[in-house]
Amino acid sequence: MSVEDTPDLTKLDDVIHGRLRLGVMAYLSAVNPASFAELAKKTATTNGNLSTHLSRLEKAGYVRQEKGFSGKRPQTLVHMTSAGRSAWIDYLSTMKQLLSNDLEI
Amino acid sequence: MEQQQVLADLEYAKTLAEDGVKSPLVGGRFGLMWGVLLVITFTVQWAFLSGTVELPQHYLGFLWLGFGVVGGIGTFLLDRSLRDKPGLRSVGNRLDNAIWLFFSLAMAACFVGLLVYMSTRGADYPMFDTMVAIGFAGQGMAYGTLSQVTGQRWMLLPATAALLMAVVAFALLATVVLYLVAAIGIVFTVVLPSVHQLRNEPADVS
Chain A
1 MSVEDTPDLT KLDDVIHGRL RLGVMAYLSA VNPASFAELA KKTATTNGNL STHLSRLEKA
61 GYVRQEKGFS GKRPQTLVHM TSAGRSAWID YLSTMKQLLS NDLEI
Chain B
1 MEQQQVLADL EYAKTLAEDG VKSPLVGGRF GLMWGVLLVI TFTVQWAFLS GTVELPQHYL
61 GFLWLGFGVV GGIGTFLLDR SLRDKPGLRS VGNRLDNAIW LFFSLAMAAC FVGLLVYMST
121 RGADYPMFDT MVAIGFAGQG MAYGTLSQVT GQRWMLLPAT AALLMAVVAF ALLATVVLYL
181 VAAIGIVFTV VLPSVHQLRN EPADVS
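As they're listed, the protein sequences go chains A and B.
For the record, in the first sequence the residue sitting at position 19 is 19 according to this note's numbering, with numbers rising by one throughout.
For the record, in the second sequence the residue sitting at position 157 is 157 according to this note's numbering, with numbers rising by one throughout.
Take these hints with a grain of salt, some might be off.
[Claimed, not checked] The list that follows gives simulated cross-link-like pairs (lysine-lysine, PhoX-like), each with its CA atoms no further than 20 Å apart:
(1) 22(B) with 85(B)
(2) 96(A) with 11(A)
(3) 41(A) with 85(B)
(4) 14(B) with 41(A)
[Claimed, not checked] Some chain A residues judged to face chain B by a derived CB distance under 8 Å, without partners named:
(5) 33
(6) 35
(7) 41
(8) 42
(9) 44
(10) 68
(11) 71
(12) 74
(13) 95
None of these hints come from the bench; they were simulated from the model.
Glycine is no exception: its CB is placed at the ideal position from the N, C-alpha and C atoms.
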């Protein structure tokens, strides 16, 4: 593979393109909303780490965190927004394009 | 190297997305409760109609009123126990929730329609029996749809059983044994599938 055939990873949405944020977006694409505890368990990460990455996704407008209660216990629900869904679809399209170019070598 | 990392990350994302899509259905507890209530109610109705148990006729109204009230309260309480289930808001579980909600509303609409019919044109109990057949047909449609959308092929079994029960129920309209047969049918079309769902439920996260 020559240098010019190498996929241009800079075209990817940097907000989504991180392992944990990618996982969060993937899970939310199927289960929306998901609770914070559910996301932490599914992604096998700490609450602090998940919180940091969710804040980044929220700042980009891709997710919305809703604080409430489940019975008497506090519960945070994480929603994928319509902007987040569009960004997720764009991300997958870009990734497909990049990897297809690579496979045509 | 970076590309390998990207592929590994994509595989990770794919696993999580599949995990979400394949979230087990968590409505088994509702089905089990309504199924047990229906078995009891149909059996008592059969016992009443067959003369096995002698009760004043208006007790049948109380029986079905009790069925609705106990079921409604039970649904409310069980709903509270579901809030920490992972995958609760997956496409499959949202469809499961919607399809049984509208099934219940459809049955309620038929029930009200029959009450109007009976109060304006006189009591005609065989008409009431059609509720049983319509209920089984609705169950068959619900299970079949859920099976197609969620890919849970085992649901085709209760779907087929429920559709067969709809045929049987229509064939037994205006006979006393209809309610006993329906009670047995409910065990196979509601109770056992619900127990199966409950056993496959994921543990709570909290």
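*When the hints from earlier in the document are held up against this structure, which numbers fail?*
As far as the earlier hints go, 9, 10, 12 are violated by this structure, in ascending order.
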